[in-house]
Structures are given as structure tokens and as C-alpha cells.
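As a plain string of letters, each chain reads:
Number of protein chains: 2
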Amino acid sequence: MVETFIPFRGIKNDLHGRVMCYKQDWTGGFKAGFGIFAPTMYIFFASAIPVISFGEQLERNTDGILTTVQTLASTALCGIIHSIIGGQPLLILGVAEPTVLMYTFMFNFAKDRPDLGPKLFLGWTGWVCVWTAILLFLLSILGACSIINRFTRLAGELFGLLIAMLFMQEAIKGLLDEFRIPKRENPKLTEFIPSWRFANGMFALVLSFGLLLTALRSRKARSWRYGSGWLRGLIADYGVPMMVLVWTAVSYIPASNVPTGIPRRLSSPNPWSPGAYENWTVIKDMLNVPILYIIGAFIPATMIAVLYYFDHSVASQLAQQKEFNLRKPSSFHYDLLLLGFMVILCGLIGIPPANGVIPQSPMHTKSLATLKHQLLRNRLVATARKSIGKNASLGQLYGNMQEAYQQTQTPLIYQQPATQGLKDLKETTIQLASSKGNIDAPVNETIFDVEKEIDDLLPVEVKEQRLSNLLQSLIVGGCVAAMPFLKMIPTAVLWGYFAFMAIESLPGNQFWERILLLFTAPSRRYKVLEECHATFVETVPFKTIALFTIFQTAYLLICFGITWIPIAGVLFPLMIMLLVPVRQYILAKLFKGPFLSDLDSAEYEEAPALPLNLATQEGERVARASFAEEDLLDDIITRSRGEIKRIYSPKVTSSTATPAKDPKSLQSPRISEKAYSPCISELKGDKSPQLSGRGPYSPRTGEARPSNLGQSARSSTST
Amino acid sequence: MVETFIPFRGIKNDLHGRVMCYKQDWTGGFKAGFGIFAPTMYIFFASAIPVISFGEQLERNTDGILTTVQTLASTALCGIIHSIIGGQPLLILGVAEPTVLMYTFMFNFAKDRPDLGPKLFLGWTGWVCVWTAILLFLLSILGACSIINRFTRLAGELFGLLIAMLFMQEAIKGLLDEFRIPKRENPKLTEFIPSWRFANGMFALVLSFGLLLTALRSRKARSWRYGSGWLRGLIADYGVPMMVLVWTAVSYIPASNVPTGIPRRLSSPNPWSPGAYENWTVIKDMLNVPILYIIGAFIPATMIAVLYYFDHSVASQLAQQKEFNLRKPSSFHYDLLLLGFMVILCGLIGIPPANGVIPQSPMHTKSLATLKHQLLRNRLVATARKSIGKNASLGQLYGNMQEAYQQTQTPLIYQQPATQGLKDLKETTIQLASSKGNIDAPVNETIFDVEKEIDDLLPVEVKEQRLSNLLQSLIVGGCVAAMPFLKMIPTAVLWGYFAFMAIESLPGNQFWERILLLFTAPSRRYKVLEECHATFVETVPFKTIALFTIFQTAYLLICFGITWIPIAGVLFPLMIMLLVPVRQYILAKLFKGPFLSDLDSAEYEEAPALPLNLATQEGERVARASFAEEDLLDDIITRSRGEIKRIYSPKVTSSTATPAKDPKSLQSPRISEKAYSPCISELKGDKSPQLSGRGPYSPRTGEARPSNLGQSARSSTST
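As they're listed, the protein sequences go chains P and G. Just so you know, we're using the numbering used here here: the first sequence kicks off at 1 and counts up by one. Just so you know, we're using the numbering used here here: the second sequence kicks off at 720 and counts up by one.
It should be emphasised that the hints constitute simulated quantities derived from the structure, not laboratory data. Please read all numbers here as calculations on a predicted model, not as lab measurements.
Label pairs and their computed distance ranges (CB to CB):
| hint | chain 1 | residue 1 | chain 2 | residue 2 | range |
| --- | --- | --- | --- | --- | --- |
| 1 | P | Ser223 | G | Lys1311 | 32 to 38 Å |
| 2 | P | Arg180 | G | Lys902 | 31 to 37 Å |
| 3 | G | Pro726 | P | Ser523 | 55 to 61 Å |
Okay, derived cross-link-like pairs now, DSBU-like style, lysine-lysine, Cα gap no bigger than 30 Å in a straight line:
| hint | chain 1 | residue 1 | chain 2 | residue 2 |
| --- | --- | --- | --- | --- |
| 4 | P | Lys386 | G | Lys1246 |
| 5 | P | Lys527 | G | Lys1105 |
| 6 | G | Lys902 | G | Lys830 |
| 7 | P | Lys527 | G | Lys1246 |
| 8 | P | Lys173 | P | Lys111 |
| 9 | G | Lys939 | P | Lys527 |
| 10 | P | Lys220 | G | Lys939 |
| 11 | G | Lys1246 | P | Lys220 |
| 12 | P | Lys188 | G | Lys907 |
Glycine included, every Cβ here is placed at the ideal spot set by N, Cα and C.
Can you build the whole structure from these sequences, using the hints too?
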């Protein structure tokens, strides 16, 4: 994105791009058929469960003024609006933990003011929302999103880890509370005598760890060895919601031996209970708010605006990472404008606003990539089988597959060139043919193992459409009506799910991987090099990595600490904003340029990219793009985030290499595929000849460890 | 072993062999230094915890006549005797689950007879022991152990799985009982009101699953990436006992909020309590047993004799598998004779006898292999470093290492040729040298990564000595005095440990692996081929494997079912004996010879081995023997049991191959190393040139799947 601050320019560009593909956004979704329900259900649960739980948290923190009904309503309402008229439909909206924190800070402030009090709290937040929306409008119109690239990996990953910490904190707090008497309950009830409280706590431990462990396992079902393919697929797609159901069922097993309150379950008023709808008329109260507070509302509003600007844009950015090879354009400015309108709407009807959420948004894209992979695969497999049935040669087979692949590519004005998948297909097929015999001889399944080869060929693509987002928002809305069923879920299952979300968001976060690297024994660091890893592992000295990581960790802990401060905690988004100058002026002085660019590449520091043909030649050496198997897809997409990973790159000694030589500065979507392939081959144990033959580096791990890490590992073991 | 039935011949041979190395059995142990404590503690816990738990079980089943004190005393007494004057010191003795079952059957029979009753129960079992011992003497003198080879893999693995099932059953029963009021307790106690019972049950779930999961994890600590080497080693060596301590400590965390009985802990009389020693005077009661019952004692005695003959010999056999490359001779007959004497001794002092136990005995050998590997490694690394320091060439380095290796090999009359490790060392070093430059140039650590290369070179060897067995027996004896401390262990931790033992015994059991294969999706079966696997996976059609496995599973379930029958259950050892004729006459007719020999090789069916030089040539092709890394050692030794595993063997299409061509019929210890090496290379991702270059088969997995399994996998996906 070019940094441009001409008013309305960004919004116009966004609208122009998205209108072009608006029709295809819908037709594409419907064409996917029932397959669309897998990502829909996955995201629905990932979206609804935190929202339900945040509702519980808000209910405790605001003395019952805001409940699960309001958070669900806001998530559904904003989700539906965004999925229909929003820009980037991959972005998932929801009431997020930072919003809950801000509302808690605001309630704690308002409840003790005699001229506000709990009664006018919602009216006052209405004004906060109005101010927030005005600020968001300004940011959007003035093109503020074009500087989103100044929020480098440093800020994005720090924020990601902060969210993960908040999720984990929620899980631990929740579990500890299971051993205590809840505040707003009658402590004389049977279930609160010490023995039952202890029993409830232990039961909660069983349920939450049960959910956590089984959910983590089920996500990997595709790579299981047991059970038929459809069962494994089903478990991988719907395993997490299934586990919520399973552990809810388990919680009823001892029902006949325990009082009704054991284990504790979700408690929220039904939407049809009296008083549950008081917030709809907030607009009347807004006029009763004293003028001083209306003006004062500007202070929290700036914080929320900063937060939403950052959170919404980063969520959108993470949902559109380069590795996904998206074909449709982004829409940062227009989405921020729309968010402003939704914030006003939520403020006026007294519900907390929803914004783009992490990690659900990248999870959404990832699940759609899996869907697209399945659709493409089924199509190509059918074509290949048909060709083989007709005794086609490898050349013809390739032609037919190319045609079928072409048909799946809807032509779009904004699309990136779509020929990569084909080119690779051709290259590989020819390699295969020459390695196995004549290219014109009829193919059979012995020399061309259809399913396996096609899995190897397919590039990452995403089923970009609006349907899954709309459907999941509608189901979230349906949850408001399904409250009596939701109340059957034990709270302990929620805590387990929170821990699951926190853990699921870690892989692929380089900050997290660097923290792990600090704890890796020096003698085992070479193992990191043997696997897929980011560039910095090879090019940056360990000391620099350690220093950078320790700085970032300290910063993270400060941010986390600030959220604990009673009312000043409202300022924590400022700390995230502050990272931009810190990165640009302080870190740039502390660390050498090439190191910093490998650890945290910022576009504004990068040298212009190499001419494409030169770069391609470079890339060519790193073997063909390939997808190992379905189960690797998860791995690949999770593992990396806008960064290229490799086993042994030609750039083995270049701690002084300029970033320009780094393939990541090339804009073609092909790059990431290519750069992945050595990793994938390694994971597959695939010893294809071009890997060992062509490059200047040997894949044999024992012979050379050319990186800094390898050397430091060796020198530390030899002393 | 040659089948010979000349009286006393077997015992004489055994004694002759063991006397030769008796001195070295002790000096070797003391030379190992403090390292000996790792296997000692590992086996002590693996031995003591089940014995403690079986004591609890016996106490319940015999109305308190036999308790943990008696089972511990028996285990310690027999262990000490066996470790000092026994034949094979790798064999671990203990009171085993089948013994507990037999004693329960006998008690249920005796308690209702008016002329026996609980009072004369121990006296009667004294007679049973006398008869048992007489039978064992006969078996031993007549050379019955020489037919132990007729108990093929079929019987051994079925018995192993039966023991695992009994362990798991004990774990599940124990956990369920945590929710109930124990029989012999006062149900009016606070801890037995419904709420505390439920709390206790849930707490038990947390503790047992906590122990199980952490113990399983800690065994793999050597391959962890985090933490320093000594910490990882410490956790791998002592992790399981440490986890018992940790979870015992955890069980005290809520102590201030719960009544003293929560969670339940081990309950057993202290050995100094009045009445705990009543059994010592059993010999007086033996004379009061009516003559009819003295004669009738012969019936259970035959069952116990059959059981002990089988169990003792199979445990000994499993502790001396070919893959361990033991240097010292076996001692089946003499050990059985000694067992007879110990059975009489135990019978006369009224304690249940101990016999050789599974899985502790193979666990013992395995832990000693790890110890030996560490000792060898440290020595060679020091030598290599010294040579490099002196600017030695690769040739000199090899010479020095050869000398150091030679020094660790104590010359023994019975030892197998010890030159393999060296030969491989030389071959590899030369390969390395030629791949990296001049063999006469000075070596440095860049081209010869000492620790890694040496790990790769070392063959499997076992620290064969008597000290670890003696020490662990002494500590088990010490447990009798440490009863007050043992009583701090929650029973739930025991149940977790039982499940751990059951699961730890599964890997390497081909019967279990075949059961898993039945549940493996046809499209994923090729994954089995990509990993280490047994010969049968490639040579036997899937249908035959399935049929054989279903038969074996049905037989296992019948055996398991019989143990549930109240008194006739005493007959279950007969079912195991029956497997010999079933295998020899029925199965041999149902299955084709070559298939059966791959699934369950019986020595009596095998053709004579090929001449050694011819066979070596064949073996040479399968690359050098190597050890990947410490953590692989576990894997290798656990995975296989007297069977050779490979990735792609030259024998790819030979479902008709004669067993004679199979390298496993060769008696050199080298074979198993060699046959392992492709697996190891694969696991390491090591693409050494000799692997891909020399053989007639290509290691590239995608190109050829020459086995039956691979073909059936493909055909099932293509339909």
C-alpha cells in the first residue's frame, strides 16, 4: 500500500476494488456447496465462545448492566452488517477482550460519580461511542490506514501475544474462581459448602483440561493414521465444537449424584426476561448526561479509537497475509469508516461495539484455504482419473488438469497472476515424466499416483467469499435465542476453550518462536535449522536475537502490567502506538540494519526489489512449490506469517546481506510457495533429486551447519 | 538354544557360563560409578509401585491376611537372592499380577471350607508352594526351558498384552473405586459423605491423569529441545519417580480445605504393628492342614508351576532380546531351579512368591543399554577431543578411538565377537574422510563433529552386571521400613502409574502394532512403510495379517475372560500353554509357511542359516550400523523385539521368500544393528549417499511402493 494522505482517496480505492468482485463474493460462496459449513462452524465457535465468556465477564464487572445477550447481539449485528456491506469479508468482527477492559475501566469510573452512576453509564458510553466514531471517520478519510505498515511484525506479534496472555489469564482466573463462591450468588446454597466447592473445582479441572487436550488433538485429525478419511476430515473440521458438546455431555454424567449447581454453568438472563432489553432505549438517557461528561467522553474515546484503528487493521492484515495468495483486494480505509458507523449504532442502542478480532480473523482465512484446497483437489483428481481412464499421455494429462485448474480461477480485475500453479504443474509433470520414462506414453496410476501428486502440486489458495462470514454472524445472532441451550455449557469448558484459543494462536508467531529459541539448549539449536525456520535464525547472531527478544518481552510485560492498573489501564493502547516511534527511531539505532530487517522487516526500510526475472532465477534454485498433504496445509499456514522459511538457503553466510536479495521483497505470490518447498520436502522426507543436486548447498545435515546458530551451537558444545 | 532333555545338562551349562563372568558381573557394576543409580531407581519404582499396589489388592481380597508388607518382603527377599546367586542378573523378580490372581482364587476356595478357613489358608498355600517347587525342579532338571523357543512371538506378545490389560483394568477399577466407599472402612466418616466422595473421585482423576501424562512426557525428555543436556538426562532417567513425588506433593496442596481422608492414600499396616508378622510361623500351621487338602494342593500347584515356568522364562527371554547384543550367556534352567527354592522359602514363611516380571525385566535391560551408551560415548568423545587437540589425522583419530573402544570391552569366554562396532567405526570414518578431503590431514571439529559422529557410531550394548538388581532389591526391602512415607502416596497416583506401565509396554509389541494396523486407514498404510516396520508389513498380504491378528485378539479376549471366572479362573495359564500346539499344528495349517514365519517366526520351522560370509555381504548393502542420538536409543530398543525392521529392504516382493534368506536367521549380533540402520537414517532425515546409491532399491518414497500394503493402499484409493 502506498502511503497517501489525500482525503477520501483510500476509501475510494477500497470501494472501487471491492465492488469489482462483489458479485463473485456471493456466487463463489454458494458454489462451494455444503463445504462452506466447515469454516462457518469453526469460526462460529471461535467467535461465539469468547463473546459468551466476555459477556459473563462484563456482567460481573458492570453489575449486570451488560450481559452475554448484549455482547452476542453486538457481534451478530456488526457481523451481519460487515459481511454484507463491509469491504474485506475475511475479517471477523466480535466484542473483544480490549473492549471489555475499556468498558470495565469506564464503568469503574462512572459508577462512583454522583451525576453519572450506574444509571447513566450506558448513556455516557453512548457519547464515548459517538466521539470514537468521529475519530474513526477522520482516520479513515485522511488515509491513516496507509501507514498500517509502520506497525511492523514487532507490534503485530506483540499484540497477538498480549491477546493470548489475556485469554490465558481469563482461563486461569476462571478455573481458580471455580473453587470460590461467586460474588453475586447466595453463599448459603448447598453447592457452596466447602466439600461441594472443592468437588466443583476438581470437576472444573477435569472438564477444562479434557476440553483443552482433546481440542488440540482433534485439530490435527487430518494427519491421524487411524479411521477413514471422511471421519478424520470431519473431526479436523468440527472437532472443536464437537468436543464442546462432548465435554458438556460429560458434565451431565454425575448429574444424579450432585446438586444442580455442580458443575457451574453459564448464567445469563434469557433475552425475553424482563429488563434484558433496557439498553435499547439508551438514546433517551444520553440527553441527561451532564455536558462536562459529554466532553470528557473524548478521553476514553481517543483510546478506543486508537485501539480499534490498530486492532481492526491488524486483524484485517493478518487475515490477508502474503502466504494466502489472495486474489481479491484489501479494504482497510472503507472498513474503518464502516466500523465508525457501527460504533455509533452500538453506542445508541447501548451495546458494546464489535471490531475485527484476532485470532479469529486469520483462523477464518486459514479454514477457507483448507476448503479451497479440498475443492481444487477433488476437481483435479476427477480430471486426472478421467484422463488416465482414456489412456492419455502425461502431456495430455497435464493439459487437461491445466484446463480444469483454469476453470476454477474466476477472472478478476484485481487478481494477482494466476499462472503459478500451472507453471509448477507443468514443470513437475515434465520432471516426473523424464524421471519415469517417456512423456508421450500413456499414464497409469502406478507412475502417477493421482491423489498424492495433486496434493503435492496445489498452491495455497483461499475461498474468498462473504457467505461464511454472514452465516456465522447469523448463527451468533441465533445464539441469543438459543440462550437456554447455551446455559447447559459448563463454565469450566469455557476456560478450557480460552486456553485452547491462546495456544492455537502461538504457532507462526515469530516473537513466540524467538522466546522458545532462548530456552532451547545450545546443543539442540541445530534442530531448529533442520526444520522450517525464519530467515533470522540463519542470518542474525544469537546474541542479537536474544537482546531483541528480551526487549520485546519486557515491553510485552509492561503492556500486560498496564491492563492491571485500575483506571489508568485505559491507556494501554497508547503503549502499542508508541511502538511505531520506538521501532523507527530507537531500535533502528540499537540494532544493525540488516539484522533488524531480518528480525522485523519494515517496508519503509527495504531497498527496492530486484527485477523479477533475476529474482525468479534465484527462486528457481529452491525447487518447486509443492503441498505435501492436507495435514501439512494447516502446518504451513500456521507456521509462518509474512516471512519466508527455509532449511538451507543460498544466503547462508550473509549476516551482511542486503534485504533486497531476500526473496521476501518480491511481490509475486509465487515466492512464498517456492520458499516453502524445501521445508515441505523435508517434512515429507522427500529426497527429490533437484534438491540435492542443484543448489550450492548440500541438504545433508551432518556435513555443514553454515549458520551463526549452528556455529555457536558447536562452539558451545566443544568447550 | 538346542533342545536337549538330558537331565541336569541345562543347569550345568547355565552354571558353567555364568560362573565365568561372575566376577565381572560385580566389578563391571562398580566401575559404572554413580551412573548405576539411574537404572536402579527407574527399576526400583517400576518394581515397587506395582508390588505395593498388588499388596493393597491382596489385602482386600484376602481379608487382610496378606498385605503390602508381605508382597514387598517377598520381592525384596527373592530379588536379593536372585541378584547374588541367580543366573541372569538382568531378570527382575517381583510379586506379579498372575500370582495375585492365583492367591485370590485360592483364598476364595479356602475361606469357605470348614476344615481350612482363613486360619489355615497360609498353611495350605505353603503346601501349594511345596508342590509348585517340586514341579519347577522337575522342569528345570529335565531341560524344559530348552523348549521355551516353542513359545513363539505369538505367545509372548499375547501374554505381554494380557499383562497390560490386567494393569489397565487395575487402573480403571481403582479410579472407579475412588468414587465409592471402600469395603472395610467405616462409612460414617466425613470423607464418605456424598460430596466428599465425589470430590475425592474428581481429585483422583486429576492426580492419576496428571501422573500418566507427565510420566509419559518425561520419558521422552532426552529428545526435548529445551533445557540443558544434564537436566534433560536427569528428567529422562528419574522423571517417573520424580513425577510420583510431584503429584504426591500436589495432593497435599488443598490439605487445609479438605478432611484428612481426601485424597485417599495407601493404607497398610506398619511392619512393626502387632500381627503384621503372624505369617512367619506358618510352618507350624502346615502340619494342621488335612491330608486331603495337602494332596489337593497339587492342582493349583500345577497351574502356578506352568505360570511361573512360562512367566519366568519369557521375562528372561525378553530381557535378553537379540537387539541388545548381550555378551554374557543366558541361564534359563538354573534360574528356574533357583525359583523353585525361592518358592519353597516363600511358602514356608507365608508370603506370596516372586517370579520374573514383565515389563520390568526388559525395562531393566533397556535402561542399562542407555547407561552403557552414555559411558561409551563419554569415553570416546574424550578420546576424540584429545586426538583433535593433538592435531591428529582422521586415520589416527580412528586408531585412538578404536583403542579406547577396545578397552571398554572386557574379554569374556562366552562373549560374542566384539569387532562390529569398530569395523563400522572404520568404514564410516573412511567414508567421512573421503567425502571431506584427505584422510591424512589434521581433523578439526568442523569436519568431525565429535558428539554427533560418535552418537552415530555406537552400537547397542548393555551394561551387564548384578549391582543394579541387588540395589533395587535392597531399596524395595527398605520400603518395608519406609512404610510411613509410602503411605503418603495417594492411591490415585498408583492408578495413574498402572496405566503408565500398561502403555509403556505397548510399543515394540508386534501384536499391538498389527491391531493398530487394522485400524489404519487404507490410504495411510503407506505411512507405516515410510517408518521403521517389521518384515511382515511388506511380505504378508493385508488379509492374512488381519486374519492372524483377529485370531490372536479373540484368543487374548478368551484368556482375559477366563481370569474373571471365580474359581475356574485358576486355569488361565493352561490357555497360554495351549498356544504351543495351536501354533504348531493348527495355525501352521491355516496360514502359508512363509507368511506365518514372517508373522511369527518359530525356530523349529526355520531353514538353516546362510553361510556367514554370504549373509554379511547381503547385510553390507543395508548400510552401516549407527545410532542417531541418545533419544533414538529408547525408540530403537522399545520398538522391536527380536524382529528386524526396515524401511525398504531388498526383499521387496518376496512373499514367497524362504525364511533362510531373511537376515534375522543369522546369529551374529551385528545383524540387528545393520537392519536397524535404514530406520535410523530415515528418522534422522540423514541422506547419506550410500543409502541412495548402492542398493537395488530407491529410498525415495514417492517413486515406488513395492509392497503388498502399498499396492492395496493404492488400489483402494483409486476405486
